[in-house]
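So the protein sequences, as listed, match chains A and B.
Heads up: the first sequence begins at 1 in this note's numbering, then just goes up one per residue.
Heads up: the second sequence begins at 1001 in this note's numbering, then just goes up one per residue.
No wet-lab data here; the hints were simulated from the structure.
All of these numbers come straight from a predicted model, not from anything done at the bench.
Watch out, some of these pointers could steer you wrong.
What the hints assert, rightly or not - In silico DSSO-like links for lysine-lysine, alpha-carbon gap of 27 Å or less:
no.	chain 1	residue 1	chain 2	residue 2
1	B	K1051	A	K124
2	A	K113	A	K94
3	B	K1195	B	K1111
4	B	K1178	A	K124
5	A	K47	A	K124
6	B	K1149	A	K126
7	A	K126	B	K1051
8	B	K1242	A	K113
9	B	K1149	A	K124
10	B	K1222	B	K1202
11	B	K1111	B	K1238
12	A	K47	B	K1202
13	A	K155	A	K125
14	A	K47	B	K1195
15	B	K1238	B	K1213
16	A	K47	A	K61
17	B	K1178	B	K1051
18	B	K1051	A	K125
19	B	K1149	A	K125
20	A	K47	B	K1051
21	A	K143	B	K1051
22	A	K113	A	K125
23	A	K155	A	K143
24	B	K1051	A	K155
25	A	K94	A	K162
26	B	K1202	B	K1111
27	A	K61	B	K1051
28	B	K1242	B	K1222
29	B	K1242	B	K1195
30	B	K1051	A	K94
31	B	K1178	B	K1149
32	A	K162	A	K125
33	B	K1238	A	K162
Said to hold, decoys possible - Not close to chain A: a few residues of chain B, all C-beta gaps over 12 Å, as computed:
no.	residue
34	Q1010
35	L1021
36	E1025
37	F1032
38	E1033
39	A1038
40	P1109
Just so it is clear, CB atoms sit at the ideal spot from N, CA and C, and this is done for glycine as well.
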Amino acid sequence: MYADNYPWLENYVRQNSGNDSDAQDVFQESIAAAWLNLRQGRFEGDKAQFNAYLRQICRYKWINQIRSAARSKIIYSDTLLEQEAESDGLEVLKDQLQQSSLLQECFMQLGTKCRQVLRLFYYKKKPLGEIAGSMGNTEESIKTIKYRCMMQLRKLFLEQNKRHGGV
Amino acid sequence: MEGYREHIDQQLFEQIEAYLLHTMEASERYRFEAAMAADEQLQNEVDLQQKLIAAAQTAFLGHEATQHIPIAKSKAPVKRISFKWWHAAAAVLALVAATWFYQSKTITPGKLFAGYFHADPGLPVAMSSTSEYGFYDGMVSYKEGDYDKAIEIWTGLKEKELLTDTLQYYIGVASINKNDFEAAVQHLLPVAEGKTGEWRQKAVWYLALAYIKTDHIAEAMKWLRLLQNNSEAQLLIKELQKISS
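Okay, chain A solo, but in the shape it has when bound (with noise of 0.2 Å):
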């Protein structure tokens, strides 16, 4: 997925006023946010029609990032505004990109220790006996703490995303 398309994003990135950290950092930002839709099932479609939607997120969160902050006064290249204006979708794709983030917040928000639980479990994919072994805990210990982080992780975005007005 980023030999598809990380090349492409720093070719654009470089020809719209950025550079390569820009593009790395909005590479990592848009490859979670994709995957997280993927995964919630927003997105049907085969390789290439993720590499097109990650593309699409890629540019999006670019020209989002260009228009704010000191980089406002840079004069947009006619590429980026025709690009802009033919995005299709832009405003559910927002929505799917705000809440991703929230997500994403919400996660940080944790302890170190649930983080470290549920990367283990939910990303590492390892059995909850060898987080234990690893951990100092038993298997039991560890699998009530992996349920306590996700119900914290669960209410926090609950209220947050109330607050935002979602739910």
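Following the hints, complete the assembly by docking chain B onto the known chain A.
Coordinates of chain B only, in the frame set by chain A:
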């Protein structure tokens, strides 16, 4: 919280989790899906938990996956530094190395290699359940500094004729990281010889470094001359000219 339950007990949480992670028995899955169809709140809870699990997974795609980079060739426990700092650190190291080499009367290919080499950080580890699983599985090992394991996984893909420039390139840089320069040249050369391709420039750089380390200075300079827009490469050529003159 309209549409959601007041409280989810641990048993229900684990049941939903088993459904989402596909660890539920087929018969239980059938019953669970029937229960969801009859209970909108339960369906909402399943959707919500799916979002939360995805958040736990994607948080690391955007952060941890690319921010921790092993230091190549270290026999001590792998040191990890942030990606952005790695760029800065690499630039500073190159500058320090260049200054030192200018002042030193004993420039050797080994010293030049040590001064200019910085390990490729690898790719972000993305999706784990796609056709690219094998590649990313290898990338996890690469990022953990287990280059033997990474090469073993990627070579397995190669045997299945799934070899691409990306694979060739990463087998090459993993070989450099484990000081197997012969293998590095073997894998990087075809990528560097390609007329186009996103990995070509990087392959040329690491190929040149592998040649330097093995004292093939003329060959290294030949490749470095292709990197006309790379100031680090141009500086390295000057250093090599001192050795070869």
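Legend entry - Unmet hints by their number, sorted upward, for this structure: 2, 3, 8, 17, 29, 32, 33, 34, 35
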